[in-house]
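Asks: Residue-level listing of the chains:
Number of protein chains: 2
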Amino acid sequence: MSDYQTYDLGDVRLQRGATLRACKLAYKTFGTLNPAKDNAIVYPTWYSGQHYDNEWLVGPGKALDPARYFIIIPNMLGNGLSSSPSNTPEPYDGPRFPQVTACDNVRAQHRLVTEKFGIRTLPLVTGWSMGALQTFHWGALYPDMVQRIAPFCGSAKCSRHNVVFLEGVKAALTADAAWNEGWYGSAKPARGLRAMARVYAGWGFSQAFYREELDLKTLGYSSLEDFLVSFWEGFFLPKDANNLLAMLWTWQNGDISDNELYRGDLKKALGAITAKAYVMPGATDLYFPPEDSQFEVAHMPNATFVPIPSIWGHFAGGPGTSPKDVDFVDQKLRDLLAR
Amino acid sequence: MSDYQTYDLGDVRLQRGATLRACKLAYKTFGTLNPAKDNAIVYPTWYSGQHYDNEWLVGPGKALDPARYFIIIPNMLGNGLSSSPSNTPEPYDGPRFPQVTACDNVRAQHRLVTEKFGIRTLPLVTGWSMGALQTFHWGALYPDMVQRIAPFCGSAKCSRHNVVFLEGVKAALTADAAWNEGWYGSAKPARGLRAMARVYAGWGFSQAFYREELDLKTLGYSSLEDFLVSFWEGFFLPKDANNLLAMLWTWQNGDISDNELYRGDLKKALGAITAKAYVMPGATDLYFPPEDSQFEVAHMPNATFVPIPSIWGHFAGGPGTSPKDVDFVDQKLRDLLAR
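These protein sequence lines map, in sequence, to chains A and B.
Each residue of the first sequence is one higher than the one before, starting from 1 at the first, in full-length UniProt numbering.
Each residue of the second sequence is one higher than the one before, starting from 1 at the first, in full-length UniProt numbering.
Hints were generated in silico from the structure; no laboratory data involved.
Every value quoted in this text rests on a predicted model; they were computed, and no experiment measured them.
Check the hints yourself; a few may be wrong.
All copies of an identical chain are treated as equivalent in the list; a pair is satisfied when it fits inside any one copy or across any two copies.
What the hints assert, rightly or not - Listed below are the simulated DSBU-like cross-link pairs for lysine-lysine, each with C-alpha atoms no more than 35 Å apart in a straight line:
| no. | residue 1 | residue 2 |
| --- | --- | --- |
| 1 | K217 | K267 |
| 2 | K268 | K217 |
| 3 | K116 | K62 |
| 4 | K217 | K62 |
| 5 | K332 | K188 |
| 6 | K217 | K324 |
| 7 | K188 | K239 |
| 8 | K188 | K62 |
| 9 | K324 | K267 |
Input sequences plus hints: build the corresponding full structure.
Replies: Written out as structure tokens, the structure is:
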């Protein structure tokens with residue numbers, strides 16, 4: 001009795017050469033596709049998130065109102081619901097799960113949207129973090145189909161610093177001998193997952209967030225250590241290590257120009273995004289700094305730079321953690337949809 | 001035939017209750033103490049650094065000119081030369097090495113300076129990073145003795161965000177089962193040390209440093225991965241894990257007010273620093289952000305906020321990695337000494 005559906009993509013040939021056989025795309029929809037099929041919004045998931053982690057931005061009275069729009073949340077490949085290391089049968093299971101790019105993800109989502117629903121135009125694609133990466137890909141790969149994009153707290157190409165941040169996360173997880181090169185079976189590498197969580201904790205929120213003690217005063221944790229254990233370790237411990245590493249690879253290798261359309265020319269790929277765009281970084285995001293968004297906007301023909309004024313760091317954009325920022329993002333989506 | 005000397009402190013009672021027996025303080029001096037004994041500068045070391053790692057700021061024609069000043073570089077307790085987990089005999093060896101605060105360090109240094117050399121006044125105390133933490137302590141613990149301080153890329157109290165950053169570093173190192181709670185003997189936890197290095201890599205330099213590819217263009221590494229392995233893993237692999245963890249504890253618990261003089265009142269402790277002070281954060285330092293320095297300066301009676309205009313992140317302040325920033329710090333020390 002799951003709350004989502006699955007689309008069978010069959011055998012999918014991936015950018016890096018492997019074939020993901022009997023590939024499954026899990027998704028959830030809200031609202032109703034209208035007869036003209038022109039009211040659909042695609043809203044991809046983020047690193048380790050699943051469709052229900054996106055729902056904070058969907059609801060009556062919000063910009064993403066199911067009474068008006070048909071909202072599709074596709075689960076990213078590797079996230080445990082769509083085809084992933086944890087649910088793919090031998091021989092491509094676990095650490096043998098193939099390398100999947102953001103481009104592979106968005107092409108799979110495009111098949112869902114066009115083949116399953118017969119949709120030919122999208123008023124909006126939006127997403128947080130790796131969801132923003134996929135949003136940029138939608139704009140660059142399907143410019144004639146996508147009317148608007150609103151990537152928030154994410155980038156069109158993983159920056160070098162972001163690659164390094166993720167190397168630290170990966171190194172912490174894989175320093176645990178229980179990880180065993182991914183062949184950990186039913187005994188998960190708990191120590192590595194906890195270490196990864198602690199590494200992530202310093203990056204997820206800004207210096208000012210911790211300085212102002214919002215972990216205690218707003219989120220209600222009883223101490224800094226309580227926040228590290230309950231919020232951060234509690235977040236990563238239930239997740240599958242191979243899934244996390246598969247998505248981390250997708251993230252590090254994210255690049256809208258790394259395909260046969262743009263052949264590594266990032267400026268060309270950004271220039272091809274004709275959609276009306278609000279590019280919305282968190283003002284204090286430590287791994288998607290606003291400077292990178294400004295570069296993107298400078299090379300996109302119809303883009304506006306809309307920083308989220310917040311000390312919540314990366315979490316200015318989700319997943320609903322900061323109520324004030326939720327309102328900001330929601331209002332900007334409303335503005336963009338009205339344009 | 002070492003290039004440093006050692007001062008025997010005897011049995012030292014530490015703030016947290018243990019006694020460090022036959023405590024040794026390793027130090028190196030440059031120049032000559034004048035007959036009036038009023039030309040000495042104390043320049044403590046940083047996290048995992050040893051005295052020779054500080055020498056980039058000392059030399060003929062520099063502000064710290066041995067022809068004019070008697071420069072004392074005391075090695076921090078835990079750094080492998082002064083009393084440390086790696087060189088302390090049973091039963092306080094390895095992971096049993098006691099908790100040592102920055103206050104303990106500076107009190108030990110004060111004994112060296114006064115007992116060994118008979119010095120009663122110091123024209124300057126300066127230091128980078130944890131050296132800055134010790135510098136702040138000199139100003140707060142011995143205000144009548146210290147004429148000037150120049151802490152750069154450091155703080156008077158470890159911020160909560162800095163604590164979290166260090167939790168990530170610690171978790172990565174200790175996720176390696178070879179660490180074995182510190183009882184690793186002769187088989188060092190290489191995987192954990194490498195993981196720790198990769199975590200550190202994202203914090204040590206700024207986003208802009210990596211964006212501008214200064215690892216390649218200025219430092220001359222052949223690729224980002226080469227920088228991670230050669231610079232970062234190469235930096236931490238030779239170091240002793242227990243030493244690193246002992247100093248990390250010292251860092252996390254650094255606080256000039258955590259003693260019987262100020263009883264946790266940070267503003268009072270800052271207010272007691274009557275020395276002329278240049279507080280010099282790196283403009284893009286990710287774990288000692290300039291905002292924390294501004295708070296300190298606001299509560300110090302004779303302090304000036306002097307940010308180092310640099311995209312080198314924490315390494316704007318040392319250890320001589322960025323030539324332009326070396327010149328800036330040197331010039332500011334010259335200015336301060338002339339006041």
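Asks: Evaluate each hint against the coordinates.
Replies: Here's how the hints hold up against the structure:
In this homomeric assembly, K217 and K267 come within 35 Å of each other (Cα to Cα) only across copies, at 22 Å, whereas the closest approach inside a single copy is 43 Å. Within a single copy, K268 and K217 get their C-alpha atoms only as close as 45 Å, which misses the 35 Å cut-off; across copies the closest is 25 Å, which meets it. Proximity of K116 and K62 under a CA criterion of 35 Å is satisfied intra-copy only: 26 Å inside one chain copy versus 72 Å between copies. In this homomeric assembly, K217 and K62 come within 35 Å of each other (Cα to Cα) only inside a single copy, at 27 Å, whereas the closest approach across copies is 48 Å.
Taking the closest pair of Cα atoms, K332 and K188 never come within 35 Å of each other, the shortest separation being 41 Å inside a single copy and 53 Å across copies. Proximity of K217 to K324 under the C-alpha cut-off of 35 Å is restricted to the intra-copy arrangement: shortest distance 15 Å within a copy versus 42 Å between copies. Taking the shortest alpha-carbon separations for K188 and K239, both the intra-copy value of 9 Å and the inter-copy value of 30 Å come in at or below 35 Å. With identical chains, the CA atoms of K188 and K62 are never at most 35 Å apart, being 39 Å at best within one copy and 55 Å at best between copies.
Taking the shortest alpha-carbon separations for K324 and K267, both the intra-copy value of 34 Å and the inter-copy value of 31 Å come in at or below 35 Å.
The structure is inconsistent with the numbered hints 5 and 8, although it conforms to all the rest.
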